[in-house]
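Each residue of the sequence shown is one higher than the last, beginning at 1 in the UniProt record's numbering.
None of these hints come from the bench; they were simulated from the model. It cannot be assumed that every hint is accurate.
Claimed, not checked - In silico DSS-like cross-links for lysine-lysine, where the CA-CA straight-line distance does not exceed 25 angstroms:
| # | residue 1 | residue 2 |
| --- | --- | --- |
| 1 | Lys14 | Lys50 |
| 2 | Lys50 | Lys136 |
| 3 | Lys359 | Lys286 |
In this text, all values refer to a predicted model and were calculated from it rather than measured experimentally.
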Amino acid sequence: MSPLHEAARAGHTKKVQDLLTRGYGPDDEDRNGHTALHCACIAGDLPTIKVLVGAGASLTARAQGRWCGGVTGLHFAAEHGHAGALRFLVRHGLDVHVRDAERYSALHYAAENNHLDAMEALLGAGADADATDRFKKTPLHYAAESGARDAIGCLVRARGSVNAADHRDKTPLMYAAESGDAEVMELLLRHGAGTEFKAKGDWCNGVNVLHLAAEQGHLMVCRLLVQRGVSIDVRDDGLYTPLHYAAEAGHQELVVFLVSVGASPAAADRRGMTALHYAAESGSHKAVAFLLDHDAAVEALDEAGKAPLHYVCRGHQAAPGARDAPAKPKRSKWRSSIAAQQYLEVAQTLVARGASVNKADGEGKSPLHCAAETGAVEAAGYLLSLGAAVNGRDKRGLTALHHAAIENQVAALQALLDCGADPNLPALQPKPEGKGRRRVKPA
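Work out the full structure, taking the sequences as your base and the hints as a guide.
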């Protein structure tokens, strides 16, 4: 950064004038493409901006911003809320509709940062309240996402579309729901935001605003939406209800709330999985106990024939094919003693409520096979203490010991051998090629 850049950023107008007379170019760039005018726009120093423009500084010069390239002085001034600088730049010919490399307008920058005066200056100069960026997001999307209440009010007054859909069909209300800001939700709802729209989610299409709030665990937002009449058992394209989302993410208090206001514990998604399957998979003991107290079926089977006990014994591993989206990262081991105890308590609760320790799934795997595969030693020990068949075979003739060996689960191997597993039993069929769930993330 040159002395001219430093003087412009500091608002030292007289020093800027002196450096210009000494031969520094008004359009000299630093390594990020910033000119002295960009620096002055960031600082919002209007006298310095006037001096630089008077010296011939380019209004359309572009630089690298915090998030992307192609940023002009108008964007910088908007991002930092300098209304006077914005008015001057537009008055001197800088296009109020100018876009950066991501197609952000200056109004996007001002709205995201809740700069009301800057927004009013831009709108007064003709800025489009519904301008869309590369992702078809309007300034209102960004204001809702960042909780910019003043910006939301300003955009609504400027007749910005409160139900505008971005490239994933998400509305501003959906972004507010994901952020968990109930006050912003109230503000948008008062101005006509609809709760009926559906969008493309991270794992499945057809997600509703309540799905998005539930996935993030935002209890107050979910409460507000239920009060506003959103269906408690609304389904996405994978037949997920908000309860499924909350249970899978381990949001136990939200599971309790949703069931308390009428969500069905028996609802199954497209893969036949209930909230109890997901609560067990996430190790959510309180949620599991609550669901069982509210008539969740302890032996409910998904389309793979797995009961909730199979999932708790998988320990942190995602259910095969649970949604048609890419697999979440697998964590094959219980990574801490706290997690191990947490999952063990869930297994104990399920068994106490009637879960069978030798229940075979569609592949003939028992919960012990699942525990051996994932190295869930505590769960394996617990199941064996209850009489689980240590040498029981699945449909391929594999025992729990085989599964532990295939997955290189050394601790599980030792535990099984200590409990009488026969290391000489042959597998009846070769291991099939490919395993695990594959999910195709929607575009």
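Hints, verified against the model:
no.	hint	in the structure
1	Lys14 - Lys50	holds (12 angstroms)
2	Lys50 - Lys136	violated (34 angstroms)
3	Lys359 - Lys286	holds (23 angstroms)
The structure does not agree with numbered hint 2 stated previously, though it agrees with all others.
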